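Student: Chain by chain, the residues run as shown.
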Amino acid sequence: MILEALSYGFMQKALIAGIAVGLICSFMGTFLVLRRYSLFGDGIAHVAFGGISVGLFLGVFPLWTAFIVSIFGGIGLQKLRQSTKISGDAAVAVVLVSGLAVGVILVSSSGGFSVDLFSFLFGSILLISNEDTIMILAISSGIIATLVVLQKQFLHLTFNEEQAKLVGLRTTLLNYAFVILASITVVTSMRLVGILLISALIVIPNITAMMFGKGFKKTVCISMGISVISVIGGILLSYFLNLAPSGTIVVIAVGILVGTLVLKSTGLLQKVNIKNPSEITHNS
Amino acid sequence: MSVTNVLDVKDLTINYDNQPAVDNISFDVHQGDCLGIVGPNGAGKTTLFRAILGLQAFSGKIKLFGFEDSKYKSIIPLIGYVPQKVTFEPNFPATVYDVVSMGLISDKRIVQGAKLIQECGCCWNRIYQTIKKKDDKITQALHTVGLEFLRNRRIGELSGGELQRVFIAKALVKDPLLLILDEPVASVDVESQTKFYNVIKTINKENNITIIWSSHDLDAISKYANRVACMNKKLFFHGEKEKFFSDKELLKMYTESSMQMHMHNHDMH
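Chains as they are written, first to last, in this note's numbering: chain A, 1 to 284; chain B, 1 to 269.
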């Protein structure tokens with residue numbers, strides 16, 4: 001039955017693109033979650049909604065306008081955070097509603113929602129074309145290659161920005177590179193789970209992986225594994241049970257999170273040292 | 001060209017809301033010094049360190065090996081700094097090994113900075129430069145601070161004393177010419193304090209690394225520092241430790257101001 005499903009071209013494309021998106025979301029998500037930017041994906045996806053509306057309004061391919069508007073949104077978010085000392089979550093909220101507001105104005109001006117817009121809101125992984133698949137693969141490869149090259153720098157920046165500056169890292173430049181990369185990741189991934197569920201792929205595999213109590217590289221690998229299992233499982237299950245793939249992918253990821261929590265509470269998972277929610281203060 | 005001073009601070013003033021946090025202080029640090037800075041809480045010690053590290057705007061002059069401005073900035077990566085507080089996410093997925101390896105990130109900038117300083121005729125034992133493999137460098141640094149056995153432990157699982165030694169190892173792997181430690185033994189148990197002091201004694205004497213270290217522990221300062229600076233916004237004393245500890249008036253003043261500050265903090269709570 002699975003082989004039959006895999007024989008269809010649309011399933012093959014969905015799985016290839018889905019795995020690529022799962023990998024970039026979980027890798028990028030590790031840094032986003034640790035930097036308390038968990039809702040960055042949501043914020044940028046809503047800005048992308050504005051960008052898509054601009055594209056549909058102007059009659060331009062909406063994904064390109066989404067890329068451009070989202071990158072500017074990411075840079076704006078970083079500037080807002082740095083120059084006004086607004087906290088990360090508040091800055092995300094400002095950018096999120098701004099993007100959404102522009103989108104709503106443009107959509108209403110152009111005469112209401114279209115099918116295209118719905119596919120961006122809720123994902124349309126089973127409908128992607130050959131060109132879309134190639135584009136997702138190419139962008140994902142670029143993002144993973146960049147993250148592999150810059151992972152140590154990003155890790156130090158995430159761990160402690162001031163310390164990163166002192167070892168000679170160009171933190172301002174790295175911060176901009178980070179938000180641009182994260183914005184591209186979000187827009188590329190929107191076709192899979194849609195604007196409304198993008199944060200799930202960024203956040204859930206990572207918080208699950210962090211419960212295993214491993215070092216950075218192993219945590220990234222576990223997170224990628226969970227992401228890929230959720231994507232493959234979600235796409236296949238949605239095919240057999242005729243469900244919405246985006247929702248199924250996210251529900252499986254949540255299921256793995258709940259399962260890990262249960263394993264942990266029963267002591268089967270390696271003991272994880274969860275301290276109180278406030279930051280650890282090293283007073284020595 | 002030969003430069004004897006690692007650090008020259010001249011007429012340094014730092015204001016917060018028009019109130020001086022550091023008030024017109026001048027001092028120097030010689031190569032191989034272990035300078036203990038004493039002063040009550042709020043005396044401006046951390047602010048002074050942040051100015052030296054280029055993280056704080058100031059008026060006056062700070063020279064590192066005689067360098068100022070852009071050349072100064074290029075050798076900042078050669079300063080090892082262990083802050084009083086390092087905050088990070090409780091479940092941060094980094095092991096001790098990961099954190100120590102962060103010290104080796106900007107290798108190129110460190111090599112460039114080291115060249116610049118060596119042109120001035122300064123030398124310090126760059127023991128890690130002679131070790132080729134990154135892995136061996138980290139092992140050596142963890143050995144120096146006595147934490148090889150915790151190499152794969154997540155940092156959120158360490159005690160305060162262990163964490164503090166991890167950050168020293170992170171500073172050591174890049175062969176710092178100057179190590180700045182901001183109240184490194186606050187909230188650390190006595191056994192860990194002894195281990196810590198032995199580590200800084202080794203790196204100061206054997207590796208010829210200059211150390212600036214702030215502390216409230218006058219016993220430790222008298223035992224391990226060779227020079228002392230006493231400040232409370234202004235600099236009250238700077239010189240050989242024997243001179244400081246033989247000056248009864250100065251000691252009395254330091255003890256009283258510390259006590260006042262302690263009582264003030266106690267009242268606030």
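In case anyone wonders, no lab produced these hints; they're calculated from the structure.
Remember, it's a predicted structure, so these values are computed and weren't measured experimentally.
Ideal Cβ placement from N, Cα and C applies to all residues, glycine included.
It is possible that some hints are incorrect.
[Said to hold, decoys possible] Pairs of lysine-lysine residues, derived as DSS-like cross-links and limited to a Cα-Cα distance of at most 27 Å, are as follows:
(1) Lys152(A) / Lys201(B)
(2) Lys79(A) / Lys13(A)
(3) Lys133(B) / Lys217(A)
[What the hints assert, rightly or not] These stretches of chain B come out as covered by chain A in the derived footprint (C-beta under 8 Å, 3 or more residues):
(4) 79-92
(5) 95-104
Student: Would you mind confirming whether the straight-line C-alpha gap from Lys133(B) to Lys217(A) stays at or under 27 Å?
Tutor: holds, 19 Å
Student: Test coverage of the region 95-104 of chain B by chain A using CB-CB distances below 8 Å; three residues minimum.
Tutor: holds (count 7)
Student: Just to make sure I understand the rule, a stretch counts as covered if three or more of its residues have a C-beta closer than 8 Å to a C-beta of the chain. Does the region 79-92 of chain B meet that for chain A?
Tutor: n = 12 at 8 Å, threshold three: holds.
Student: Regarding the pair Lys79(A) and Lys13(A), is the alpha-carbon distance no greater than 27 Å?
Tutor: Violated. Lys79(A) to Lys13(A) sits at ~38 Å, over the 27 Å cutoff.
Student: Holds or violated: Lys152(A) with Lys201(B), Cα cutoff 27 Å?
Tutor: violated, 31 Å
Going through the hint list in order, the structure does not satisfy hints 1, 2.
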